[in-house]
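**Student:** We have chain A already, so just place chain B on it with the hints.
Below, each chain spelled out in residue letters.
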Amino acid sequence: MSTTVDIGTKNKKGQVYTDPNDLFFKTPRTSFFLTGSEIIKEAIKRSSCGMSVAYPITPQSEAASLIGELFAEGYVDIYSRGASEFDVMSICAGGSFGGSRCFTTTAGPGTLRAMENFPMWAGSRLPIQVCITCRGINSPLSIQPDTLELYYMLETGCLVWHAETAQDLFDFIMKGFIVAEQPDVHLPIAVACDGFFVTHTKDVVMMTPDDMCLPRYDPYRSPVPCMDMECPPVRMMRDPFVMKNNYISYATHASWQQEVRAAIERSRKHTEALLDGLIEVENGDAEVLIVSSGTAVSQGREAVTLMRDEGFDVGLVKIKTLRPFPSRELQAATRNAKRIFVPEFNVASWLAREIKAVVQDNQRVVAGPHVGGGMTMPPEIIMERILRTLKSDKEALAHV
Amino acid sequence: MSKERIKIAPEFRDIMPPEYRDLVDDATWGKEGRGWKDVGTSKELIEEHSLCAGCPESMAFRYILSSLPSPEDTVMVGSTGCTSLVFPHVAVHNIHSLFGNQNAIASGLKRSLAARFPDQGKDVVVLAGDGATVDIGLDSTLQSWFRQEKFTTICFDNELYANTGGQESGLMQKGFVAKMAPIGKQFEKVRLPEIARESGCHYVVNCTVSKPSLVEKVVRNAVLVARELGPTYLQMYTPCILEIGKQSMEGLQEMRDSEKPGLRFAYKEYASPEAKELIAEIAIKEKERKAAAKAALAQSSV
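Quick note, the sequences are listed as chains A and B, same order.
Residues in the first sequence are numbered from 1 upward in steps of one, following the working numbering.
Residues in the second sequence are numbered from 1 upward in steps of one, following the working numbering.
Only chain A is shown next, with the shape it has when bound in the complex (with noise of 0.2 Å):
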């Protein structure tokens, strides 16, 4: 029943199914100047992708509609246009259960509409990934990059990556494939990337060749049935899900929700061999950190050699995965710093609250600068705030 193809063959478009390890590791890799959505394109016609939906929302689309033009040359097997985001990820869930591969794309208001799909993938355990370009979802009507968007994702169940840049994004999206399709993982992910910051820029990125992709997945390695009447059906239960009556109902349900989260912890063993760790720090000994995820770490890292300019000792740390959080990583990063400085793109500044309760005396972590709505953040307003904070905290310690 396995259709786990035989690496070194050859599927119809001439590419040849490869060892992801080979194919991210070992393969000669060639650069290419190109724009987020592209690098989306060129990840996707190496992932051998079963289905892709689409919906064109304002203005990250670009990316779903070059997957369509892939499908018309014939690297992804299924693509259509849905109806809204909501009917896009549940076509999405339904190619999942029927043992396809699939991927899409939303922003911002799209993510919204689309949230209630996302613990049910989770739930379903459906390895689709959704590649969120995040924009405003505010009202008034915002097409801006902003990163609140993320919030919402963190306790759908998906795993949840942040790309820094266009390189990230490429590996990202075809690494997530390999460990949400893990039998031991078997979970949604969000590849998550800032908007206009990464998708309508042009950045070098270094590609794998493009006649070789990774291998299809095969959904009989997956924990639950795979919907398509090719193994016996069971009968689930004595009692439906829903039936409230039923202690055996809530402890079904208590228990699935850990299960959940048990199974995107067990990601991280196949995540750090993959990502090269879930964190990356620079100068991880000065006593002053900047830690952060997305294009807040480009500011972070910019900011970083404008102190160093200025005399001062500052480290950097970036975060590749929201879901697992790197908790254990972030504690001994963060060991022997006086002061964690989380710049973010969003006006909750989620990412701190998230950093203040894992890392031991929070109080040294400043939640910010962060901006909303769109607006930039320059380097020299993480300077500025580092600045200002030290100062006060000196003066704190004369006043003592």
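Worth double-checking, as some hints may not be accurate.
Among chain B residues calculated to face chain A with C-beta under 10 Å, some are [stated by the list, open to error]:
1. E72
2. T74
3. L98
Examples of chain B residues toward chain A, derived with CB under 8 Å [said to hold, decoys possible]:
4. E4
5. K43
6. A106
7. R116
8. L138
9. S140
10. Q143
Please keep in mind that the hints were generated in silico from the structure rather than gathered at the bench.
Just so it is clear, CB atoms sit at the ideal spot from N, CA and C, and this is done for glycine as well.
**Tutor:** This is chain B only, laid out in the frame that chain A set:
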């Protein structure tokens, strides 16, 4: 999936649940001409149900499951509501995901199965209540029809939200007093069969489930037309006896009373020209099959 695949290894036979042993030994999977007359004599594809005593939905479920042309290659998609109380007991793969997205799920599922099993003819059948089909899920329902998705949608129309206690629904009759319609429903029953026809469904039937042979015929037609041509829609009156003040034994009569000529569940059928042609072909083949079976029986008794 062939019946061969569900066979039990002899070593494990004694520890398998009895209903599974019955499924292997006595189900009508793979049997040509299976139908409602198998109910009660062969293993049924529904074990028990958690519906109210005398609920017409339970009858409808049995007739529909016994009438599927190829249950061994059929996946059903349900939605939230009374039907979701039954699906855990049904011996074909079935999906419940959210309330109202059943036709979107079925769209992705059907396309995936068509791509993965191009020669096997996997059927997808949606079975949901009127709240899921016409109210919260109308968008997904219509969009799947517009897209000409090749699966059957069956709506159990009980004219209200039964599972949540009898609230007004779009398919409720105008003037009916119900929860959330305290002075009577203010607008007409949504004419979904007509909308289905205009939306591109190739076969549409509006009926009750009072006559099992009729249910068998329309279910077979709907599934086989969907398999070959495109979307099909069956709207079946399955009254909620609890919420309309009837007794357990009165469901059948309620359906008979509602299907009289001129009433809202009088039998109505629409078939596109292509569907008519296909149904005629199917009828001829069925006639030939029955004649051959009869001849074989006569031969064997000689």
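**Student:** Run every hint past the structure and note whether it holds.
**Tutor:** Now the hints, each set against the structure:
1. E72: holds, 6 Å
2. T74: holds, 7 Å
3. L98: Since chain A brings a Cβ to about 6 Å from L98/B, closer than 10 Å, the hint holds.
4. E4: violated, 11 Å
5. K43: violated, 12 Å
6. A106: holds, 6 Å
7. R116: Result: holds, 6 Å to nearest chain A Cβ.
8. L138: violated, 11 Å
9. S140: Holds. Min distance 6 Å.
10. Q143: holds, 4 Å
Checked against the numbered hints given earlier, the structure breaks hints 4, 5 and 8 and satisfies all the rest.
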